[in-house]
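Visitor: Sequence:
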Amino acid sequence: MSKQIRLGILTPSSNTALEPLTFQIVSSIPNVSVHFSRFPVTGISLSAKGLAQFDQSVIIQAAQLLAHAEVDMIGWSGTAAGWMGFESDEKLCEAITKATGIPATTSVLALNKALDIFKVKKLGLVTPYLDDVQERIMKNYNAIGMEVTSGTERHLRVVKNTDVALIEDNVLETLVGQVVEGGAEAVSTFCTNLIAAHKVELWEAKYGVPVLDTVTTVTWDMLRQCGVDTKAIKGWGRIFQEA
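According to numbering that gives the first Met the number 0, the sequence shown is numbered sequentially starting from 0.
Take the hints with a grain of salt, since some may be wrong.
[Stated by the list, open to error] Simulated crosslink set (SDA-like; lysine to any residue; CA at most 25 angstroms straight-line):
1) LYS112 with LYS159
2) LYS97 with ASP54
3) LYS205 with GLN224
4) LYS205 with CYS225
5) LYS198 with GLY150
6) LYS48 with SER12
7) LYS112 with LYS48
8) LYS120 with PHE85
9) LYS138 with GLN177
10) LYS120 with LEU155
11) LYS2 with PRO29
12) LYS2 with VAL227
13) LYS118 with VAL208
14) LYS48 with ARG156
15) LYS120 with ARG135
16) LYS97 with HIS34
17) LYS230 with HIS34
18) LYS48 with GLN60
19) LYS205 with GLU167
20) LYS159 with ASP131
21) LYS198 with ALA142
22) LYS90 with CYS225
23) LYS97 with GLN224
24) LYS48 with SER13
25) LYS159 with LYS205
26) LYS120 with LYS48
27) LYS138 with LYS205
28) LYS121 with ARG156
29) LYS233 with GLN60
30) LYS120 with GLY84
31) LYS120 with GLU184
32) LYS118 with GLY234
These are calculated hints, taken from the structure and not from any lab test.
Given the structure is predicted, the values throughout are model-derived calculations rather than measurements.
Use the sequences and the hints to build the structure in full.
Guide: And the structure:
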């Protein structure tokens, strides 16, 4: 029998999208199970209150609960490093491993690995976020040499996280198409409360570029680091077949 692999996912408390999507993504791999731990996140902004939600100590407490289940890997299925800086996720992963002894990754660090594998230089960024949050994400990507421009970004100015999950497929599809038309070599649906992962393969076929959803990226990286052959996952995008 194949070794049972347990994935532990850190989840924003108000997120209603990532758990069912993650379950669906791994459903074709019988020896993989997914387990979740939540911590308080209700809205996304650059206010002191908005940023304080991602205090490392709170996230570590949630990670320690996952360690009780003896998971093989811990993943933060969230995108806060986009506006707080990629080094914040690197430090978080180090702190999780120090506290639990379990290796860790995140949606954003995984996305950046995938962008490197696909040799992307111009990123299309589709998010639900406010103007200043989007600007901060763009600035952080530009700082590492990843071009994101006004032509390759779209955002919907939503603050309340539960409202993000209400954004419809057709709205997201239009935005993905617009950033590809603007010159994006790959597109990220950059928020783990967007219900987008199940549409990735359709959009890749329609627009001809990789679409890297942030629920998908962390799942892919966790599986990969646990030694799972991700090619067994069909229908969820090129990342599982080519990266």
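Visitor: Taking the hints in turn, state whether each one holds.
Guide: Against the structure, the hints come out as follows:
Of the pairs offered as hints, the one joining LYS112 and LYS159 is violated, with about 29 angstroms between alpha carbons and a cut-off of 25 angstroms exceeded. For the hint linking LYS97 to ASP54, the alpha-carbon distance of about 16 angstroms falls within 25 angstroms, and the restraint holds. With a CA separation close to 30 angstroms, the supplied pair LYS205 and GLN224 exceeds the 25 angstroms bound. About 32 angstroms separates the Cα atoms of LYS205 and CYS225, which puts this hinted pair outside 25 angstroms; it is violated.
Among the hinted pairs, LYS198 with GLY150 is consistent with the structure: their alpha-carbon atoms are about 22 angstroms apart, no more than 25 angstroms. Of the pairs offered as hints, the one joining LYS48 and SER12 holds, with about 15 angstroms between alpha carbons and a cut-off of 25 angstroms not exceeded. Our distance criterion of 25 angstroms between C-alpha atoms is broken by LYS112 and LYS48, whose separation comes to about 30 angstroms. Taking the CA atoms of LYS120 and PHE85, the gap is about 17 angstroms. The hint holds against a cut of 25 angstroms.
About 20 angstroms separates the Cα atoms of LYS138 and GLN177, which keeps this hinted pair within 25 angstroms; it holds. For the hint linking LYS120 to LEU155, the alpha-carbon distance of about 24 angstroms falls within 25 angstroms, and the restraint holds. Using a Cα cut-off of 25 angstroms, the hinted pair LYS2 and PRO29 holds, with the two alpha carbons roughly 10 angstroms apart. Restraint check: the Cα-Cα separation between LYS2 and VAL227 comes to about 10 angstroms, which is no more than 25 angstroms; the hinted pair holds.
The suggested pairing of LYS118 with VAL208 holds, with an alpha-carbon distance near 12 angstroms, which does not exceed 25 angstroms. For a cut-off of 25 angstroms, the pair hint linking LYS48 to ARG156 stands: about 18 angstroms separates their Cα positions. In summary, the hint linking LYS120 to ARG135 is supported, as the alpha carbons are separated by about 18 angstroms, within the 25 angstroms threshold. In summary, the hint linking LYS97 to HIS34 is supported, as the alpha carbons are separated by about 20 angstroms, within the 25 angstroms threshold.
Simply put, LYS230 and HIS34 have alpha-carbon atoms about 22 angstroms apart, close enough for the 25 angstroms limit, and the pair holds. The hinted pair formed by LYS48 and GLN60 meets the criterion: a straight-line CA distance of about 19 angstroms does not exceed 25 angstroms. The hinted pair formed by LYS205 and GLU167 meets the criterion: a straight-line CA distance of about 18 angstroms does not exceed 25 angstroms. Note on LYS159 and ASP131: the hinted pairing holds, with a Cα-Cα distance of about 15 angstroms set against a maximum of 25 angstroms.
Of the supplied pair hints, the one linking LYS198 and ALA142 is violated, its CA atoms being roughly 30 angstroms apart against a limit of 25 angstroms. For the given pair, LYS90 sits about 21 angstroms from CYS225 by alpha-carbon distance, which is consistent with the 25 angstroms threshold. A hinted pair counts as satisfied when its Cα atoms are at most 25 angstroms apart, and LYS97 with GLN224 qualifies at roughly 18 angstroms. Between LYS48 and SER13 the CA atoms are separated by roughly 15 angstroms; this keeps the pair inside 25 angstroms, and the hint holds.
A C-alpha spacing of about 30 angstroms is found between LYS159 and LYS205, which places the hinted pair above 25 angstroms, so the restraint is violated. Between LYS120 and LYS48 the CA atoms are separated by roughly 34 angstroms; this puts the pair beyond 25 angstroms, and the hint is violated. A hinted pair counts as satisfied when its Cα atoms are at most 25 angstroms apart, and LYS138 with LYS205 does not qualify at roughly 29 angstroms. Between LYS121 and ARG156 the CA atoms are separated by roughly 23 angstroms; this keeps the pair inside 25 angstroms, and the hint holds.
Proximity of LYS233 to GLN60 is assessed by CA-CA distance (about 34 angstroms); at most 25 angstroms being required, the pair is judged violated. Between LYS120 and GLY84 the alpha-carbon distance is near 19 angstroms, which keeps this suggested pair within the 25 angstroms criterion. At roughly 7 angstroms between alpha-carbon atoms, LYS120 and GLU184 fall within 25 angstroms of each other, so this suggested pair holds. Between the alpha carbons of LYS118 and GLY234 the distance comes to roughly 22 angstroms, so the proposed pair stays at or under 25 angstroms and holds.
Violated hints for the displayed structure, listed by number in ascending order: 1, 3, 4, 7, 21, 25, 26, 27, 29.
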